[in-house]
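Undergrad: One-letter residues, chain by chain:
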Amino acid sequence: MMAVQLWQLLDLLLAGLTLGLGWAAVSGPDLRRSVVFFIAFGLLVAVVWARLRAPDLALAEAAIGAGLSGALLLSALRDEPDAETSDDVRGGPVAALVSLAGLALAAAFAWVMIHTLGAADPVRLADQITAQLPNSGVGNPVTAVLLNFRAYDTLLELAVLLAAVLGILALGPARTPYRAAGPLLDGLIRWLVPLLILTAGYLLWAGAHAPGGAFQAGAMLAAAAVMLRLGGHTIAGLPRPPMQRILLTAGIAAFVLVGVITTGLGLAFLQYPGGWSGGLILLIEAAATLAIATTLALAYIGGRPAGWVSEGSADTTTKIGGRD
Amino acid sequence: MLFAEITYALTGIGLFALGLRGALLRRSLLGRIIAINVCGAGVFMLFVAIAYRGPGQAPDALPHALVLTGIVVAVSATALALALGRRLRDSDHE
Amino acid sequence: MSDLIGILFVLSGIAFFAAGSIGVLRLPDLHSRLHALTKADNLGLGLLCAGLAIIDGGALNAVKLFLVWVLVLAASATAAHLIAQQALRQADK
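Those protein sequence lines, which keep their order, are chains A, B and C. With the first sequence counted from 1, adding 1110 to any position gets you this note's numbering. With the second sequence counted from 1, adding 159 to any position gets you this note's numbering. With the third sequence counted from 1, adding 17 to any position gets you this note's numbering.
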C-alpha cells in the first residue's frame, strides 16, 4: 500500500514539474531562457518515458528531443541579435480570450478521453502484436512494429525526413562555422566521438532484442557530428557531397530494394520471406541509421555545406540573399 | 484506468493547451517553434500514457512506435522551420 | 542490508545535488555559481551512481554506472571551463 502511494506521489511530482517547465518554456520575454527551459523540459519528458516503461522512447527523447532539438534552437539563437527582449507574449483581451479557449479545449479533450477510454474494454492491437512477435524475427516489440508489422509507415517516415532535409539544403548555404576548439574541448571531442560511434553500433545491434534501434543509433552519430562541428570541424565528419547524397537516400533505397525483391518473389511488398526477417531487418536498419545520421547532421549544419553545388553553375538562389 | 495513465494523459493534454496558447501568442518565430514542440510533447505523452498497462504487464508497443516516429519527424520539421526563418530574416535584411 | 547502504548513498547524493542547486540560486556571481554547480553535482552524481550500483548488485551495471559518472565528469568540467573562459573574454571587452 505504501509503495503504491509513493508511486502516486512520484507521478504527481513528475507531472507537475513537467507542466511547470513547459509553462516556463513558452512564456517570458527572454528567448535564451525559453530555449534552456525547453532543453530541461525535454530531459524531464525522457524521465517520464522511463517511468511509463518506454525505454526506447526515453533514449530517443534524450538524444533527439532534448539534445538535438536544443542544439538546433541554440544555433538558431546565435543569429538573433536581441534575444533578451525580443519576444513579448501578446497581452490584452486577445490573450485572455486565447487562454480561455485553450482551457476550454483542454477540458473538452480531458472529458472525451476519460469517457471513451475509461469505458468498456476497447479492442486493442497489443495482443496481436504479442502473439505475432516470435514470427517477426526480432525480440523487441517496438522494433518489430517499426520494421516488420508497420514497415511501410517507417518507409514513408524516412521519405518525410528526406523531404525536410531537401528543403533545408535548398534554402541556402550552411550556417556560420565555429572557430577551432581549444585544447580542453578538443580532447573531449577526441574521446567522445569514437565512443559515440561505438555506442551507435551497439544500439543498432541491440535494437533487435533490447531497447535501441536505427533511430537511436542515428541520433548518436548525429550527436558526434554536432560535437565535431562545434569543435571547429566545419564538415562535421560527413563525407564529400556525392557520398552524402548516397547516404541520405540509403534508408529509402534499402526499403524499396527489399520491397521490390519480395514482390518479385511473389509475396506482398515488404512481406519478408520466412526465416529471413531478422537479417533483412538488420540490413534495413543499418542503412536507415546512416540515412538518419546524415539527415540530422545536415539539418544541424543548416544548409548546403561547401562543395554541394558544382563549381561554375549559376547559383540563382543567392540573388535574394546578396551574400554568399 | 490506472492512476499513472490518468495523470500523464491529463498532463499531456495540459501541455498541448499550453503549447497552443504559446504558439498563438508569442511574437517571434523561435518562440512559436518552441511552443509547437511543447504541443508535440503533450500529444506524445497522451499516447504513451494510454499505452501503459501497469508495473506487471508489458506496455503496448504500437503507440511507442508511433511516438518514436513522431519524435524524429518533429525534430526534422523544427530544423526545416528554423531554416525557413533564417531565410526570411536574410531576405528581410536585404 | 546492502539495500540500506545503497539507499543511504542515494540520499546523500540527493543532498549534494540540493546543495549545488541552492548554491546556484544564492551565490553572487557567475564563477562562484559554476564552482558550486560542477563540484557539488559531480560528487552528488558519484554518490548516486555508487548507491544504485550497490542496490543493483551486478558487476556489469556497476561498470556502466561508473562510466556514466566519468563521462558526466568530463563533460561538465569542459562545459564549466568554456563558460568561464567566455565570461572572462566578455568581461575584458
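Fair warning: there could be bad hints in the mix.
What the hints assert, rightly or not - Below, a sample of chain A positions facing chain B; criterion: calculated Cβ distance under 7 angstroms:
#1 L1120
#2 L1131
#3 D1140
#4 L1141
#5 L1272
Unchecked claim - A few chain C residues that don't get close to chain A, going by computed Cβ distances all over 12 angstroms:
#6 F26
#7 S29
#8 F34
#9 L84
#10 W86
#11 L88
#12 A96
#13 H98
#14 L99
#15 D109
These are computed hints drawn from the structure, not numbers from a lab. Since we're looking at a predicted model, the values are computed, not measured. Ideal Cβ placement from N, Cα and C applies to all residues, glycine included.
Undergrad: Evaluate each hint against the coordinates.
TA: A quick look at each hint next to the structure:
no., hint, verdict
1, L1120, "9 angstroms, violated"
2, L1131, "9 angstroms, violated"
3, D1140, "10 angstroms, violated"
4, L1141, "6 angstroms, holds"
5, L1272, "9 angstroms, violated"
6, F26, "19 angstroms, holds"
7, S29, "20 angstroms, holds"
8, F34, "14 angstroms, holds"
9, L84, "9 angstroms, violated"
10, W86, "14 angstroms, holds"
11, L88, "8 angstroms, violated"
12, A96, "9 angstroms, violated"
13, H98, "5 angstroms, violated"
14, L99, "6 angstroms, violated"
15, D109, "16 angstroms, holds"
Of the numbered hints listed earlier, those contradicted by the structure are 1, 2, 3, 5, 9, 11, 12, 13, 14.
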